[in-house]
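K.L.:
Generate coordinates for the entire structure from the input sequences, incorporating the hints supplied.
There are 2 protein chains.
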Amino acid sequence: MYCGLCASDPGALAGQFGDVSPGAVAGHEIVGEVIRVGPKAEGLAVGDIVGIGAQCDSCRECEWCKDHEEQFCPEMTFSISTPLGPYRRGAAAGRQAQGGFAKFWRGPSRFAIKVPEGLDPAAAAPLFCGGITVFSPLNYNGAGTRAKRVGVVGIGGLGHMAIMLAKAMGAEVTAISRGEAKKADALKLGATKYIATSSDPEKDFADHKRTLDLIICTISKPDDATASLTLDPPSLDVNAYVSLLRPRGKFTMVGFASQPIMPVFQPQLIHNSADMGGSQIGSPDEIRQMLDLAAKHNVLPWIQKYNMDDINQALVDFKAGKPAYRFVLVNTDNGGKM
Amino acid sequence: MYCGLCASDPGALAGQFGDVSPGAVAGHEIVGEVIRVGPKAEGLAVGDIVGIGAQCDSCRECEWCKDHEEQFCPEMTFSISTPLGPYRRGAAAGRQAQGGFAKFWRGPSRFAIKVPEGLDPAAAAPLFCGGITVFSPLNYNGAGTRAKRVGVVGIGGLGHMAIMLAKAMGAEVTAISRGEAKKADALKLGATKYIATSSDPEKDFADHKRTLDLIICTISKPDDATASLTLDPPSLDVNAYVSLLRPRGKFTMVGFASQPIMPVFQPQLIHNSADMGGSQIGSPDEIRQMLDLAAKHNVLPWIQKYNMDDINQALVDFKAGKPAYRFVLVNTDNGGKM
Numbered sequence: 001m002y003c004g005l006c007a008s009d010p011g012a013l014a015g016q017f018g019d020v021s022p023g024a025v026a027g028h029e030i031v032g033e034v035i036r037v038g039p040k041a042e043g044l045a046v047g048d049i050v051g052i053g054a055q056c057d058s059c060r061e062c063e064w065c066k067d068h069e070e071q072f073c074p075e076m077t078f079s080i081s082t083p084l085g086p087y088r089r090g091a092a093a094g095r096q097a098q099g100g101f102a103k104f105w106r107g108p109s110r111f112a113i114k115v116p117e118g119l120d121p122a123a124a125a126p127l128f129c130g131g132i133t134v135f136s137p138l139n140y141n142g143a144g145t146r147a148k149r150v151g152v153v154g155i156g157g158l159g160h161m162a163i164m165l166a167k168a169m170g171a172e173v174t175a176i177s178r179g180e181a182k183k184a185d186a187l188k189l190g191a192t193k194y195i196a197t198s199s200d201p202e203k204d205f206a207d208h209k210r211t212l213d214l215i216i217c218t219i220s221k222p223d224d225a226t227a228s229l230t231l232d233p234p235s236l237d238v239n240a241y242v243s244l245l246r247p248r249g250k251f252t253m254v255g256f257a258s259q260p261i262m263p264v265f266q267p268q269l270i271h272n273s274a275d276m277g278g279s280q281i282g283s284p285d286e287i288r289q290m291l292d293l294a295a296k297h298n299v300l301p302w303i304q305k306y307n308m309d310d311i312n313q314a315l316v317d318f319k320a321g322k323p324a325y326r327f328v329l330v331n332t333d334n335g336g337k338m
Numbered sequence: 001m002y003c004g005l006c007a008s009d010p011g012a013l014a015g016q017f018g019d020v021s022p023g024a025v026a027g028h029e030i031v032g033e034v035i036r037v038g039p040k041a042e043g044l045a046v047g048d049i050v051g052i053g054a055q056c057d058s059c060r061e062c063e064w065c066k067d068h069e070e071q072f073c074p075e076m077t078f079s080i081s082t083p084l085g086p087y088r089r090g091a092a093a094g095r096q097a098q099g100g101f102a103k104f105w106r107g108p109s110r111f112a113i114k115v116p117e118g119l120d121p122a123a124a125a126p127l128f129c130g131g132i133t134v135f136s137p138l139n140y141n142g143a144g145t146r147a148k149r150v151g152v153v154g155i156g157g158l159g160h161m162a163i164m165l166a167k168a169m170g171a172e173v174t175a176i177s178r179g180e181a182k183k184a185d186a187l188k189l190g191a192t193k194y195i196a197t198s199s200d201p202e203k204d205f206a207d208h209k210r211t212l213d214l215i216i217c218t219i220s221k222p223d224d225a226t227a228s229l230t231l232d233p234p235s236l237d238v239n240a241y242v243s244l245l246r247p248r249g250k251f252t253m254v255g256f257a258s259q260p261i262m263p264v265f266q267p268q269l270i271h272n273s274a275d276m277g278g279s280q281i282g283s284p285d286e287i288r289q290m291l292d293l294a295a296k297h298n299v300l301p302w303i304q305k306y307n308m309d310d311i312n313q314a315l316v317d318f319k320a321g322k323p324a325y326r327f328v329l330v331n332t333d334n335g336g337k338m
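Protein chains in written order, with the working numbering: chain F, 1 to 338; chain D, 1 to 338.
Source of the hints: derived by calculation from the structure; they are not laboratory data.
Everything numeric in this text was worked out from a predicted model, so none of it was measured.
Any given hint might turn out to be false.
Claimed, not checked - In silico EDC-like links for lysine to aspartate or glutamate, alpha-carbon gap of 16 Å or less: (1) K183/F with E202/F; (2) K148/D with E63/F; (3) K103/D with D317/D; (4) K103/F with D309/F; (5) K296/D with E117/D; (6) K148/F with E117/D.
P.N.:
Written out as structure tokens, the structure is:
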């Protein structure tokens with residue numbers, strides 16, 4: 001029915017995650033109706049509306065799978081651009097996983113998560129990758145509880161969902177973005193503070209040092225106007241952002257930098273017993289938790305719809321930075337609504 | 001009675017933390033007998049054996065002081081080399097804090113912690129700075145519980161205590177040090193695994209990737225033979241150490257690097273939802289917790305004693321890397337025992 005368009009899709013098609021095999025299909029924020037259920041499928045029935053995110057399989061046997069943190073399974077299968085994992089026996093084993101820019105999709109039930117009633121399935125699509133990417137670190141680090149003051153760097157596809165989700169979790173959100181262009185949107189999304197950055201973050205942050213418990217950084221370069229494109233220079237001023245952290249705070253990056261980021265000045269990490277790190281997607285259990293939160297608090301990503309037939313135009317517009325803040329492709333043949 | 005000799009002492013005397021005022025006295029692992037108690041002192045009596053670490057005062061009024069994480073008080077006073085904080089009113093306010101390379105010491109009761117009965121006061125001294133510096137991140141990050149597999153980088157003053165404390169907390173400890181020189185000591189201290197490093201950490205760690213939940217890094221340059229000296233080049237291969245982390249793992253630095261550390265390759269932090277960061281000393285409550293653990297599990301730092309009168313020779317020997325693994329100065333006039 002629907003598939004969100006995430007930065008990793010053009011990235012994968014451009015070879016960011018390795019060679020692209022002929023006939024590769026991207027798309028990993030997939031929402032649709034269950035039309036067939038295999039004999040070993042669990043918890044799903046024909047007619048259910050489900051979503052699949054960036055992970056579509058794992059080994060089921062390792063400690064991480066058993067602990068329901070399947071995103072760390074060493075045999076995990078990304079929904080696009082990686083070979084199908086060991087759970088796919090027989091003819092399918094070793095074939096490349098295919099995504100949701102398609103009419104139909106088939107995969108293991110464990111990674112098909114029901115969309116709760118009351119949550120618009122089209123708006124839910126971007127939650128399955130972009131949403132969980134920011135929800136997981138918000139959740140793991142206690143946004144709204146022990147991390148009351150949350151910063152979100154970059155107001156794009158991921159950042160706008162991070163603001164909404166953090167607010168729904170009870171956090172006080174500070175949005176951080178270049179210039180004033182996105183201030184109005186950030187406040188509308190639920191931020192209560194806004195820090196406009198310039199080419200001199202030290203100066204921009206002078207009045208805000210030691211104010212945030214947790215920062216989710218969705219960009220990996222200084223100018224978030226093109227935050228959604230991930231092959232970028234190693235120029236994010238990490239040290240300036242870390243100076244915003246309160247003691248025990250954490251600066252978490254969710255946007256890949258293909259090159260090493262700038263040298264880290266570690267005394268400020270030591271003085272505040274603070275951390276910097278990364279986070280990658282989240283488990284099926286966490287996706288369920290996020291969807292329930294979204295349904296309860298009416299968290300609806302801001303989307304623009306494209307007909308699935310217009311995928312090529314959508315990719316062009318995406319690369320031009322036009323999403324405000326997420327594109328969703330609509331498969332009208334299967335009941336998707338424009 | 002006793003005072004440990006920590007790397008920050010020669011550091012402070014050399015101006016590492018700012019200008020050194022004439023007559024400055026270092027020493028911040030102080031253990032002695034209470035001989036006078038002021039009218040506002042709490043919980044102490046003449047005759048008690050107490051210790052004072054790297055922090056000797058704080059404001060008592062900020063959120064961190066109220067939450068018993070006084071080490072984050074913005075007005076915290078280091079026991080050496082910083083001006084006395086706002087709690088010292090009157091004539092003393094603004095005067096430089098003086099340390100424990102002395103016959104007597106005077107300070108607020110809040111930062112004088114009782115040494116439990118059954119713990120040798122001389123061996124306890126190094127716990128008050130070096131010990132709490134490694135205990136705090138071990139404790140905060142759940143060593144022995146959610147962080148079962150702990151790595152300790154650098155077997156020196158801090159590292160040897162980290163191995164003993166982590167083992168006492170129930171962790172499985174991997175010691176990481178240059179060459180094989182310290183292997184026997186590391187195993188004797190309680191490590192069950194040992195990784196010898198060379199000039200090629202990528203190769204050294206090839207068989208150990210994704211094996212550790214928490215790494216306490218006590219060095220800030222590649223060669224831990226001189227780990228205790230902190231004014232050093234920015235050459236620690238952080239990325240190699242981070243590759244040892246399991247998912248949700250953390251690489252915590254407790255040794256200051258005066259220059260920015262090498263550029264960080266963040267995709268491996270993202271893929272494992274891992275962190276790197278720092279940690280600085282710990283609160284009086286944490287010191288109490290550590291001392292109780294040490295008394296219960298007979299954690300005794302390996303010390304060599306010097307008479308307090310021989311402090312200048314001790315500093316020379318310290319800089320030459322001779323401690324194995326901590327020097328303790330003995331004030332025989334006041335009941336310290338050689």
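K.L.:
Taking the hints in turn, state whether each one holds.
P.N.:
Evaluation of the provided hints:
{"no.": "1", "hint": "K183/F with E202/F", "in the structure": "violated (20 Å)"}
{"no.": "2", "hint": "K148/D with E63/F", "in the structure": "holds (14 Å)"}
{"no.": "3", "hint": "K103/D with D317/D", "in the structure": "violated (22 Å)"}
{"no.": "4", "hint": "K103/F with D309/F", "in the structure": "holds (10 Å)"}
{"no.": "5", "hint": "K296/D with E117/D", "in the structure": "holds (10 Å)"}
{"no.": "6", "hint": "K148/F with E117/D", "in the structure": "violated (41 Å)"}
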